[in-house]
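If you read the sequence shown in the working numbering, its first letter stands for residue 1, the second for the next number, and so on.
Because the hints were derived from the structure by calculation, they are not lab data.
By construction, the Cβ of each residue, glycine as well, lies at the ideal position given by its N, Cα and C atoms.
One thing to keep in mind: the hints can contain errors.
Ranges between beta-carbon positions, derived for each pair [unchecked claim]:
(1) 153 with 1: 48 to 58 angstroms
(2) 201 with 170: 29 to 39 angstroms
(3) 250 with 201: 40 to 50 angstroms
(4) 99 with 201: 34 to 44 angstroms
(5) 2 with 152: 43 to 53 angstroms
(6) 137 with 288: 52 to 62 angstroms
(7) 117 with 81: 45 to 55 angstroms
(8) 174 with 107: 38 to 48 angstroms
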Amino acid sequence: MSSSLDDVRGILNKLTSIPRVTGSERIFAPSIAEILEPHCDAIRIDPWGNVEGILNPGGKPSIMIAAHVDQIGIIVKEVTNEGYIKFDGVGWDPRVLYGSRVKLITGKGIVRGVIGVVPAHFLRVYKELEEKKIEIKDLVIDIGARSKEEAESMGIKPGTYGVPDYDPISLGSEFFSSPGLDNAAGVATMIYGAMLSREGGGIDAEVHFTATIQEEIGLRGAEMMAYRLKPEVAIAIDVTFAEQPMLPEAPRISLGKGPVISRGPIYHPEVVELIERAAEENEIPRQYEADFRGAGTDTWVIQVARGGVKTALISIPLRYMHSPCEVISLKDVAWGGALLEKTLELF
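Construct the complete structure from the given sequences, taking the supplied hints into account.
This is how it looks when you write it as structure tokens:
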């Protein structure tokens, strides 16, 4: 298991070093393709930044593996005359942005900044600030510019994207923390599964490993790819809520106890049963989640693409979702990749 955890950690370190905010996928798509390409027979990037790695072209059936590659982030709205940056969130809760570091992706390179805070000393003086709810519209980024012109000379303009500026870290020997693990964890699971599938050589199907765009604002990349590929079967890989402190009632999914298999109306019984069979026959730990609607992941749009696709969902447990300190277990990603490979071998 130690060597597989090292492989997974290596993939995650590469993925989390790439700013992948929704809307900027075309910028970083070549970097994603570079990680996936060694494990496929062909690689493609479409005009929107969806990345597709093809294994065993011409095989049967045609299977789409979908893991959304975008992460939540920020987008610049305006630069003030004083050189501060007003911004909007792409999926962010303003509570976790307050006082954090960010990096802005400009045509001139990365520009680092901080989201300012009101010191507690002033809150005691200005009671209206103490009682005010934190809203993104009230926050600004300080990049060290003294004027609007100086900020613009650094490459900042409306539409510039940004992400939290925190390096990934290991927590103990098993856990891994970073911004953007939703859904770097899913993409890493897919890439590790592609690596095992290529090495194993036991796949008869034509498999399309797709890193899909714009999931966080409407599952758009998955809809594009499912329409174009016309797969017979699809398996999406995403993250799901895991147990964590500070909740009145914590989710029942745990870190380090295996990937999660979803059951519900939009998940095709034949595909779910094959995933369960692969886990059982190969003694891969797994957990289960009942999902009545299935909304919120790429499966929602893939299932109804064209005439309908036999769809299933595998999820990686995640703590502290949509924060700069998301946490996963490397074991769950390694087991998820193994489960994906063994499932593909059954088609």
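Which hint numbers doesn't this structure obey? Numbers 4, 6 and 7 - these are the hints that the structure violates, sorted from lowest upward.
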